[in-house]
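Visitor: Chain order of the listed sequences is A and B.
Numbering-wise, the first sequence is residues 29 to 169 according to our numbering.
Numbering-wise, the second sequence is residues 29 to 169 according to our numbering.
Misleading hints may appear alongside valid ones.
As the list claims (entries may be wrong) - Covered stretches of chain A, going by a simulated chain B footprint (3 or more residues, C-beta under 8 Å): (1) 30-36; (2) 76-85; (3) 125-131; (4) 143-150.
The hints are simulated quantities; they were obtained by calculation from the structure and are not laboratory data.
Glycine included, each C-beta is placed from N, C-alpha and C at the ideal position.
2 protein chains.
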Amino acid sequence: MNVTNLFGLIRTFELDSWVDSRGALVVAELAQFAPFDCRRLFIIHSVPSDATRGAHAHRECHQLLIAASGSVEVHIDDGLHQKVVVLDHPRIGLYLPPLTWAVEREFSADCALLVLASHPYDPADYIHDYDDFLATGSLPR
Amino acid sequence: MNVTNLFGLIRTFELDSWVDSRGALVVAELAQFAPFDCRRLFIIHSVPSDATRGAHAHRECHQLLIAASGSVEVHIDDGLHQKVVVLDHPRIGLYLPPLTWAVEREFSADCALLVLASHPYDPADYIHDYDDFLATGSLPR
């Protein structure tokens with residue numbers, strides 16, 4: 029499994045894949061690339077091509093993103109650095125630690141974006157205002 | 029979240045889904061429907077329509093299956109009962125306890141089958157012979 033460190037703790041993974049005449053199997057041993065216990069799963073699908081999702085950060089929640097099908101752009105920002113990561117194959121995983129601002133754009137019609145999260149849903153964990161994010165994100169991490 | 033008990037501990041879930049102009053978000057709080065900690069994730073994709081996958085049981089490993097895109101038939105068998113479950117929407121989850129024989133067939137071309145598993149990969153956990161499965165499965169559970 030190849031790991032690419034982007035900035036801070038944000039990193040992408042190229043997961044192991046086994047391909048034969050019966051198709052492809054992508055495998056992720058979560059302890060190797062998700063530094064959290066998975067408590068919540070969500071799947072984002074059927075997103076219009078001109079729609080955006082996300083546009084928030086989490087105070088405590090870690091996330092792992094994989095496009096199980098199709099493709100999507102993830103615009104990530106830790107308050108100091110910005111990058112666009114394209115998820116366009118189930119082999120590519122993107123780990124987002126808490127206090128990462130993320131916006132998803134350019135969903136392909138067939139995109140099914142899988143997100144594994146470290147915490148149950150808690151509205152108080154979300155930071156929806158970018159200036160609030162910058163203020164919160166400037167705290168020591 | 030609706031739960032349908034099939035037989036034994038095998039059950040399907042209709043997960044919560046939030047649909048608006050930005051697409052659909054399927055959410056699973058794992059503690060509510062996965063009676064295990066998720067240690068491993070795999071995604072099966074690009075499966076030819078005439079191929080089968082699975083055809084084994086696990087001694088200890090619990091699994092949760094979701095077709096994140098497309099559709100697939102899951103033929104399940106606990107040694108006493110058999111059933112075919114069609115996974116054709118990200119809202120449908122299928123929980124398979126240990127000692128369930130499962131075969132996946134009729135993958136649609138766009139199917140991305142997500143499997144969450146309770147254990148890291150261990151070849152000794154797999155039962156690949158159906159008669160061995162019946163012999164093992166007849167033990168008290």
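Visitor: Tell me the numbers of any earlier hints that the structure contravenes, in ascending order.
Guide: 1, 3
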